[in-house]
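**Student:** Here is how the chains run, residue by residue.
There are 4 protein chains.
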Amino acid sequence: MDVKKLTEEDIKLNLSKLNDWEIKDKKLHKLFKFKTFNQAFSFMTGVAMVCEKINHHPEWSNVYGNVDVYLTTHRVAGITELDFKLAQEMDVIARSP
Amino acid sequence: MDVKKLTEEDIKLNLSKLNDWEIKDKKLHKLFKFKTFNQAFSFMTGVAMVCEKINHHPEWSNVYGNVDVYLTTHRVAGITELDFKLAQEMDVIARSP
Amino acid sequence: MDVKKLTEEDIKLNLSKLNDWEIKDKKLHKLFKFKTFNQAFSFMTGVAMVCEKINHHPEWSNVYGNVDVYLTTHRVAGITELDFKLAQEMDVIARSP
Amino acid sequence: MDVKKLTEEDIKLNLSKLNDWEIKDKKLHKLFKFKTFNQAFSFMTGVAMVCEKINHHPEWSNVYGNVDVYLTTHRVAGITELDFKLAQEMDVIARSP
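Residue numbers (my numbering), protein chains in the order written: chain A, 1 to 97; chain B, 1 to 97; chain C, 1 to 97; chain D, 1 to 97.
To be clear, the hints were calculated from the coordinates, so they are not data collected in a lab.
All of these numbers come straight from a predicted model, not from anything done at the bench.
Possibly wrong hints are sitting among the right ones.
Any copy will do: because identical chains look the same in the list, a pair fits if it lies in one copy or spans two.
Restricting the straight-line Cα-Cα distance to at most 27 Å, the calculated cross-link-like pairs of lysine-lysine (DSSO-like) are [to be verified]:
{"no.": "1", "residue 1": "12", "residue 2": "35"}
{"no.": "2", "residue 1": "4", "residue 2": "53"}
{"no.": "3", "residue 1": "33", "residue 2": "4"}
{"no.": "4", "residue 1": "85", "residue 2": "24"}
Model the full assembly from the supplied sequences, consistent with the hints where possible.
**Tutor:** Next up, the structure:
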């Protein structure tokens, strides 16, 4: 996995392939909304397993059915392929099973 | 929640309203199959929260994407409404979000 | 569970029985610190099950080993016994098993 | 991680370094006992994250506070270093935080 800081152009290109992700506070951001806390936390559990697998972790907060996610790669102080990888996995988990 | 032991007739009626549940070893049984361990364990997490909420817990085993569930109510040595309640909730969680 | 808004005096008394909780932004607040994401998220899972059981949920955020928790009871726009109940359960879970 | 099938001698040596694990049905076996379902399932969540990280998964069942674990490596039809690695991680998680 490439962890070099992406250029603005790369970021735009990658964003165009995702749903509802945006750049906010220089981080990759999305607010996931579920109907229940149960659904929100089951989603978070699926994501947590991916995070440990790829050794990359989000800044995220939860209030009832909402899960607010910010992704960035601290060691390069920017957004990398790793962030887009995690974003994509989160979208898959949010839709499954 | 009524915890009186259901009659065979009640059990048949309740089973007819569920998908793919059966009686096995005198317990309410279903094998849930998911494609990945991630999906199986996210499902189990959703179920675990329901179990604590209704204070009723399954006998269940997991191997990779499979979750094998047996439900019974020990204090009446039989199947009760509580088991069907949990079975129904499991089906909802398996289909969501 | 009593959900009447607690007086400042009640809050002080309850706070004195807990470890490291404080009032911040008019909410009951504590920052839990774990060494690993694995520990932090396992803790969150234990808490999530309690939340569904008592039907009371936190505002919480997680970054790696840190879990930052704010508790309040929206329907009374203040802090109640329910918040202290959840705070206490969180402390128990953070220390176990 | 070495995934060659271990000899009986290797297995004995590795077993001597672990607590309460044994060979049962030709698999590495341990029964973890917790006081509550909450503790058992929080433990399972911690383990699930490790499983995804190392891409190795148990055969395990849960009834309330009990988590019964069998480890084996299917592709070599035997016990490998990977099983002992997971066993060791489970022991660490069972004791933490």
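**Student:** Does each hint fit the structure? Answer for all of them.
**Tutor:** To see whether the hints hold, each was checked on the structure:
| no. | hint | result |
| --- | --- | --- |
| 1 | 12 <-> 35 | neither (30 Å within a copy, 32 Å between copies) |
| 2 | 4 <-> 53 | both (20 Å within a copy, 23 Å between copies) |
| 3 | 33 <-> 4 | neither (31 Å within a copy, 29 Å between copies) |
| 4 | 85 <-> 24 | within (18 Å within a copy, 36 Å between copies) |
Hint compliance for this structure: hints 1 and 3 are broken, all remaining hints hold.
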